[in-house]
Amino acid sequence: MSDAHAVAAPSPFRLVATLAGIALFSGVLLSLTYEGTKPIIARKEQAALQAAVMEVLPGAVSQRSYQRNETGWVLLNEGAEGANLYEGLDADGNRVGFALTGEARGYADVIRILYGYDPEQKQVIGLKVLSSNETPGLGDKIEKDPAFQENFTALDASLEYPIRTVKNGEKEHPWQVDGISGATVSSKAVGKALRESTAQWVPVLDNAIEGGEVQP
Amino acid sequence: MSEEREALTMDTFTQGLWKDNPVFVMMLGLCPALAVTNTAANALAMGLATTFVLICSGLLVSLLRKVIPKQVRIASYIIIIATFVTMADYGIKAISLDLYKALGAFIQLIVVNCIILGRAEAYASKNTPLRAVVNGTGMGLGFTIALLSMGIIREVLGSGTLFGAQVMPDRFQPWSIFVLPPGGFFVLAGWLMLFSWLRQRNTKQEVA
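Chains as they are written, first to last, in our numbering: chain C, 1 to 216; chain D, 1 to 208.
No wet-lab data here; the hints were simulated from the structure. Where hints are given, some of them may not hold.
Claimed, not checked - Only part of the chain D face toward chain C is listed, based on derived beta-carbon distances under 7 Å: (1) Ile68; (2) Pro69; (3) Val72; (4) Ala94; (5) Gln166; (6) Met168.
Everything numeric in this text was worked out from a predicted model, so none of it was measured. C-beta: ideal position from N, C-alpha, C; glycine also.
Produce the entire structure from the sequences given, and follow the hints as far as they go.
Okay, here's the thing in structure tokens:
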């Protein structure tokens, strides 16, 4: 066996050259694929997010996106990256509300949500789970369960009382989220994401609207 | 090598479909077979992505079989396989974000799928490009069929749907366990039972 090995042993240079050649070929192939698919992927991600914004702001037909920096809110051009606030407008150009993101740890992984907020009513008016990894059949009900989604058509977000998830069937107040039995951790995580995100954004948004930083 | 003179037979192709089916007979690639077969669409996408990688890496390994020195062959195969897996990864993301989300990390994990490295080492590196491609296609389709036969059962019983369309009557209560990980084991066990029963029956017939 050692004989066969000795006969076949090529120079180290040859070994390195082979690997380098294959790696170079691989690099060329991958950069071509990356460049080819990048615009398609970016377009699809943008479209998915825009569709989600429309979904959480019932009645919205168009949207504007804003980015917050040191000086305040900046209106972004359509398709620009880095937005953290979306504004939905109805057919007459009136504001339906803002779409904001939030996240909290669920049962399996971090749950990321997008929700619609109506600054006049101070209510959450829609919610969509952007990404979650909850147990199929149990925790993933937060994404589709119609009774759970019903919580977010007029959920009080005035911050007088923080948003809380309560046990299934025990919702009494407009700031409470009726949980899903069998998906306690997941539904509580959605409540927590809303509580934390509204606590952070609602005062900022109120100031921005009062100060005229965000176009009326 | 004598193997290279062998004619291209139907068996080159069908080997992976039935006799040496990667999942049901060789018991390879069980990780994706259990993990992403909770719906038929996921199973199909995973099977096709693996087939793509199998064919492309088989072709390239076969073309380079006289160039790659024995000492660095495994490293070379892994680079080649990883390249095509990453291409499949970008491709799936560009085709459908939902599908990409559903398959998650399992696309990238095709790199370590033993079916592919096994084919590269045991077949493509010793055969002509044409034979490698034909054999890889057969293996890939065998893997896809195996995944689909699990995905269809799991989706129909676990969600009452097939490729997202409802197939079970409204009053059917989905058996959620089938879309959960244990359901994967149950369905796989069922198929393996069927296959070993078939094999045993065949051997008995030959003896008799």
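Hint check:
no. : hint   : result
1   : Ile68  : 6 Å, holds
2   : Pro69  : 5 Å, holds
3   : Val72  : 5 Å, holds
4   : Ala94  : 4 Å, holds
5   : Gln166 : 14 Å, violated
6   : Met168 : 15 Å, violated
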